[in-house]
Amino acid sequence: EAGVAQSPRYKIIEKRQSVAFWCNPISGHATLYWYQQILGQGPKLLIQFQNNGVVDDSQLPKDRFSAERLKGVDSTLKIQPAKLEDSAVYLCASSRDPEAFFGQGTRLTVV
Amino acid sequence: AQKVTQAQTEISVVEKEDVTLDCVYETRDTTYYLFWYKQPPSGELVFLIRRNSFDEQNEISGRYSWNFQKSTSSFNFTITASQVVDSAVYFCALGPGGYNKLIFGAGTRLAVHP
Numbered sequence: 002e003a004g005v006a007q008s009p010r011y012k013i014i015e016k017r018q019s020v021a022f023w024c025n026p027i028s029g030h031a032t033l034y035w036y037q038q039i040l041g042q043g044p045k046l047l048i049q050f051q052n053n054g055v056v057d058d059s060q061l062p063k064d065r066f067s068a069e070r071l072k073g074v075d076s077t078l079k080i081q082p083a084k085l086e087d088s089a090v091y092l093c094a095s096s097r098d099p100e101a102f103f104g105q106g107t108r109l110t111v112v
Numbered sequence: 046a047q048k049v050t051q052a053q054t055e056i057s058v059v060e061k062e063d064v065t066l067d068c069v070y071e072t073r074d075t076t077y078y079l080f081w082y083k084q085p086p087s088g089e090l091v092f093l094i095r096r097n098s099f100d101e102q103n104e105i106s107g108r109y110s111w112n113f114q115k116s117t118s119s120f121n122f123t124i125t126a127s128q129v130v131d132s133a134v135y136f137c138a139l140g141p142g143g144y145n146k147l148i149f150g151a152g153t154r155l156a157v158h159p
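Taken in sequence, the protein lines are chains Z and U. Heads up: the first sequence at position 93 corresponds to 94 in our numbering, and the numbers run straight through without jumps. Heads up: the second sequence at position 95 corresponds to 140 in our numbering, and the numbers run straight through without jumps.
Okay, chain Z solo, but in the shape it has when bound:
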């Protein structure tokens, strides 16, 4: 079974620029999550989708972050405009049962 795929693996941008991350979950997993992991900390949930509907986006900074899940499968997370404090690893995860399976993440550096 293929795992959660994310791209790109690494991205360096200047502050105030825009960036987008892509995630392809495990086939058949209805639930998809985006987490932000700042260096030295545990992952923090940004948004949770159930199929193509948003279940929880209470911790998503909506003034600059947006996410969508197309047709209940792939998802994109966008940051516009980026700030220095957005430097982090962005992890996508999907689940069918209680345990979530994570991708390798996208490491974003904002300079």
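What the hints contain is simulated information worked out from the structure, not anything from laboratory work. Think of the CB as a built atom: it goes at the ideal place given N, C-alpha and C, for glycine as much as any other residue. Keep in mind that the hints are not guaranteed to be accurate.
[Said to hold, decoys possible] If you want a taste of the chain Z side facing chain U, the calculated C-beta under 10 Å gives, among others: (1) G4; (2) Q42; (3) L46; (4) Q49; (5) D57; (6) K63; (7) R65; (8) A94; (9) G104.
[To be verified] Mimicking DSS-like on lysine-lysine, the simulated pairs with C-alpha atoms at most 30 Å apart in a straight line are: (10) Z/K63 x Z/K45; (11) U/K115 x U/K146; (12) Z/K45 x U/K146; (13) Z/K79 x Z/K45; (14) Z/K72 x Z/K12; (15) U/K83 x U/K115; (16) U/K146 x Z/K12; (17) Z/K84 x Z/K45; (18) Z/K45 x Z/K16; (19) Z/K84 x U/K146; (20) Z/K63 x U/K61; (21) Z/K12 x Z/K63; (22) Z/K45 x Z/K12; (23) Z/K84 x Z/K63; (24) U/K83 x U/K61; (25) Z/K16 x Z/K84; (26) U/K83 x U/K48; (27) Z/K12 x U/K61; (28) U/K146 x U/K83; (29) Z/K84 x Z/K12; (30) Z/K72 x Z/K45; (31) U/K48 x Z/K45; (32) U/K48 x U/K146; (33) Z/K45 x U/K115; (34) Z/K79 x U/K83; (35) Z/K79 x Z/K12; (36) Z/K79 x U/K48; (37) Z/K79 x Z/K16; (38) Z/K63 x Z/K16; (39) U/K48 x Z/K84; (40) Z/K63 x U/K48.
Got chain Z sorted already, so can you dock chain U onto it with the hints?
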């Protein structure tokens, strides 16, 4: 409040030593899940174990064992006879209300030296 505390920031051991990683959680939910994940240098979070709040039976899987005690709100993880390949950051996580939204602790970095 929903919270997970991993008080040990870093642990360093010599190969073949046993090591226990501590995890204390807070939740008012009666139904919840607890998890341990491993994050090797490659960055991917690897699922290790899930426990639901109604199952306090301890579990052993090879060199890994988990001790879940609701009375102390703890879910500790022990690696027996540690190996260099066990070097990673280990995260304890809480899934409140039985849902998959995970609340992670800050992680414990384990370094196993030959």
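_Taking the earlier hints as the rules, which of them does this structure contradict?_
6, 7, 20 and 27
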